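Trainee: Listed below, chain by chain, are the residues.
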Amino acid sequence: MVSQETPAKRSTAKIQVRGLNFYYGPRQALYDISLGIAEKKITALIGPSGCGKSTFLRTLNRMHELVRQARAEGQLLLDGEDIMSMDVTRLRRRVGMVFQKSNPFPKTIFENVAYGLRVNGYPKGRPLADLVEASLKRAALWDEVKDSLHKSAYALSGGQQQRLCIARALAVNPEVLLLDEPCSALDPIATAKIEELLFALRESCTIVIVTHNMQQAARVADYTGFFLMGRLVEFDETKVVFTRPRRRETEDYITGRFG
Amino acid sequence: MATPPLVIDQLHAAGRGGRVRAFIERLRSGDEIAHLITLVFAASIFLLTVLLVYELYVNCALPRHKFGWGFFFSRTWDPVFENFGALPFIYGTVVTSLVALLIAVPMGVGAAIFLAELAPPHLSDALTFVIELLAAVPSVIFGVLGIFVLVPILRSQVEPFLKATLGFLPFFQGPIYGIGYLAASVVLAIMIVPFVLSISREVLLAVPREEREAALALGATRWEATWKVVVPYARAGIFGSVCLALARALGETMAVTMVIGNEPKISASLFAPGYSMAAVIANEFAEATGDLHVQALIELGLVLFVLTMIINALARLLILLTTKQGTAHP
Chain A
1 MVSQETPAKR STAKIQVRGL NFYYGPRQAL YDISLGIAEK KITALIGPSG CGKSTFLRTL
61 NRMHELVRQA RAEGQLLLDG EDIMSMDVTR LRRRVGMVFQ KSNPFPKTIF ENVAYGLRVN
121 GYPKGRPLAD LVEASLKRAA LWDEVKDSLH KSAYALSGGQ QQRLCIARAL AVNPEVLLLD
181 EPCSALDPIA TAKIEELLFA LRESCTIVIV THNMQQAARV ADYTGFFLMG RLVEFDETKV
241 VFTRPRRRET EDYITGRFG
Chain G
260 MATPPLVIDQ LHAAGRGGRV RAFIERLRSG DEIAHLITLV FAASIFLLTV LLVYELYVNC
320 ALPRHKFGWG FFFSRTWDPV FENFGALPFI YGTVVTSLVA LLIAVPMGVG AAIFLAELAP
380 PHLSDALTFV IELLAAVPSV IFGVLGIFVL VPILRSQVEP FLKATLGFLP FFQGPIYGIG
440 YLAASVVLAI MIVPFVLSIS REVLLAVPRE EREAALALGA TRWEATWKVV VPYARAGIFG
500 SVCLALARAL GETMAVTMVI GNEPKISASL FAPGYSMAAV IANEFAEATG DLHVQALIEL
560 GLVLFVLTMI INALARLLIL LTTKQGTAHP
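Protein chains in written order, with the numbering used here: chain A, 1 to 259; chain G, 260 to 589.
Just so you know, not all the hints are guaranteed correct.
Straight-line alpha carbon distances no greater than 20 angstroms define the calculated EDC-like cross-link-like pairs of lysine to aspartate or glutamate that follow [claimed, not checked]: (1) K193(A) <-> E181(A); (2) K101(A) <-> E470(G); (3) K193(A) <-> E144(A); (4) K101(A) <-> E469(G); (5) K325(G) <-> D337(G); (6) K487(G) <-> E472(G); (7) K239(A) <-> E175(A); (8) K151(A) <-> E470(G); (9) K193(A) <-> D143(A); (10) K101(A) <-> E472(G); (11) K40(A) <-> D236(A); (12) K137(A) <-> E195(A).
For the record, the hints were derived by calculation from the structure and aren't laboratory data. Predicted model, so just to flag it, every value in this text is computed and none were measured.
Please put together the full structure from these sequences, using the hints given.
Mentor: Encoded structure:
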């Protein structure tokens with residue numbers, strides 16, 4: 001599959017993956033994945049359940065290490081630096097993550113955003129409150145919560161909670177933001193807000209989003225990768241993948257013949 | 260175009276007859292019966308509690324009339340001259356329980372964090388099983404171990420050491436007997452640690468994986484994720500385990516009786532012998548001579564009961580307050 005590395009060549013690759021194989025104990029979950037994630041673009045990963053797209057996403061900031069017996073082999077580079085040998089807390093600070101189920105801490109809205117700053121020793125000279133405000137603004141949540149910063153994060157709606165989680169991830173100013181089906185539990189209006197937000201974030205951040213929703217990938221992504229049974233079947237510019245897919249499987253999936 | 264009748268209208272039309280039919284339907288499906296049976300059980304437990312308090316209250320009329328509120332503040336306990344005051348026992352119960360908590364809570368919660376967060380699962384399960392066995396040991400065994408193992412160690416090693424290092428505090432002064440408040444507290448601590456540990460561990464394990472992942476994904480270390488996210492999330496549950504342990508410590512009778520010294524005195528020093536409410540009831544009830552003596556013991560029982568209830572209520576209040584201020588549980 002020669003086509004896989006093309007998109008990255010057209011712009012700078014922020015993350016370069018070569019020959020990634022992934023195992024859960026004896027079971028192999030990913031086969032020989034190679035691709036480049038373009039800097040300051042949105043890359044979407046699509047595919048049916050269990051195809052390995054979330055697993056792939058999690059190796060990018062080594063969240064897979066929380067699973068016992070999970071093992072990744074291959075080369076993963078962040079700005080040319082080996083991800084696997086990097087200090088893991090520093091890596092996760094540079095590569096933030098937003099999860100499928102919104103998971104705010106049982107704290108106030110303010111403290112949720114401040115948490116990442118506190119554990120990372122936030123930049124000197126700027127008060128915490130300013131940084132929290134800036135992050136909430138970047139996540140387009142500030143106007144909705146500015147009067148209730150010290151209320152529980154659980155009082156927010158599902159969509160607001162997810163944007164709070166994005167704000168929390170943005171607070172430490174990551175270079176890459178990974179999103180694992182961030183809208184799967186949200187209604188269309190909340191989903192639209194998050195998509196809008198992703199567009200705005202593209203200016204400052206490299207974004208990788210795993211999604212079940214093909215329309216979402218078509219709407220937001222610059223590049224799209226299609227995973228099937230642990231393999232990266234097709235990876236190209238979004239409009240190419242959705243209009244002139246090279247592979248039969250991709251066409252079948254996006255036209256709804258399976259998945 | 261004719262509109263079809265709405266479902267809600269049909270329901271109204273069914274009226275009373277419909278409701279009766281629905282009731283019979285539920286009766287047939289067993290819902291009503293299950294409801295009734297469980298209600299009876301719940302009500303009888305509540306009634307039992309009320310009855311208990313009532314019986315205790317009625318059966319201590321003599322000392323209540325003779326001593327009034329003074330019962331709580333008098334330090335004399337003299338069965339010969341029939342002069343009874345509860346203060347030394349209340350003091351002994353409260354002090355030994357609090358010192359026991361002081362020892363058991365850091366130990367139990369610390370161990371729970373290790374077992375739930377840091378230890379490999381098979382080791383955690385094995386260790387927890389052993390520790391939970393501690394909770395099943397009859398308290399008289401703890402008493403015996405207390406007398407033959409703990410008290411000699413306290414007398415020859417621990418208490419002299421405490422006296423030498425912390426002797427400037429009033430708690431660690433005076434003659435050393437071995438038996439006394441400290442011995443009772445340590446025995447109690449050993450007895451309640453399994454409660455704190457095993458409940459805290461369960462609560463920590465129940466913290467959703469997403470919470471942990473969120474913290475780690477922000478670049479928190481494992482310890483930061485545990486201490487700043489997982490433990491606060493489990494706080495109410497951990498606090499619940501502490502309350503349960505405290506209730507157990509307050510009421511513990513046998514082991515305490517065997518090592519506290521059984522002297523109705525109040526001393527600031529933890530080395531001194533003392534007495535507790537449960538211990539005096541157990542020791543004197545069978546040989547109590549006059550009605551007043553018996554009823555004074557019953558009144559002590561009432562005090563113990565009420566004290567336990569107050570502490571439980573305070574604990575609940577504290578949980579409510581701490582979970583309200585924006586740090587609530589879902």
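Trainee: All hints are to be evaluated individually against the structure, with a verdict given for each.
Mentor: Structure-based check of all given hints:
1. K193(A) <-> E181(A): holds, 15 angstroms
2. K101(A) <-> E470(G): The given pair, whose Cα atoms are some 10 angstroms apart, holds under the 20 angstroms limit.
3. K193(A) <-> E144(A): The given pair, whose Cα atoms are some 13 angstroms apart, holds under the 20 angstroms limit.
4. K101(A) <-> E469(G): Roughly 8 angstroms separates the two Cα atoms, so the pair holds.
5. K325(G) <-> D337(G): Holds - the C-alpha atoms of D337(G) and K325(G) are around 14 angstroms apart, at most 20 angstroms.
6. K487(G) <-> E472(G): holds, 13 angstroms
7. K239(A) <-> E175(A): violated, 25 angstroms
8. K151(A) <-> E470(G): holds, 19 angstroms
9. K193(A) <-> D143(A): holds, 13 angstroms
10. K101(A) <-> E472(G): Roughly 11 angstroms separates the two Cα atoms, so the pair holds.
11. K40(A) <-> D236(A): Holds: K40(A) and D236(A) sit about 16 angstroms apart, inside 20 angstroms.
12. K137(A) <-> E195(A): Answer holds: K137(A) to E195(A) is near 15 angstroms, not above 20 angstroms.
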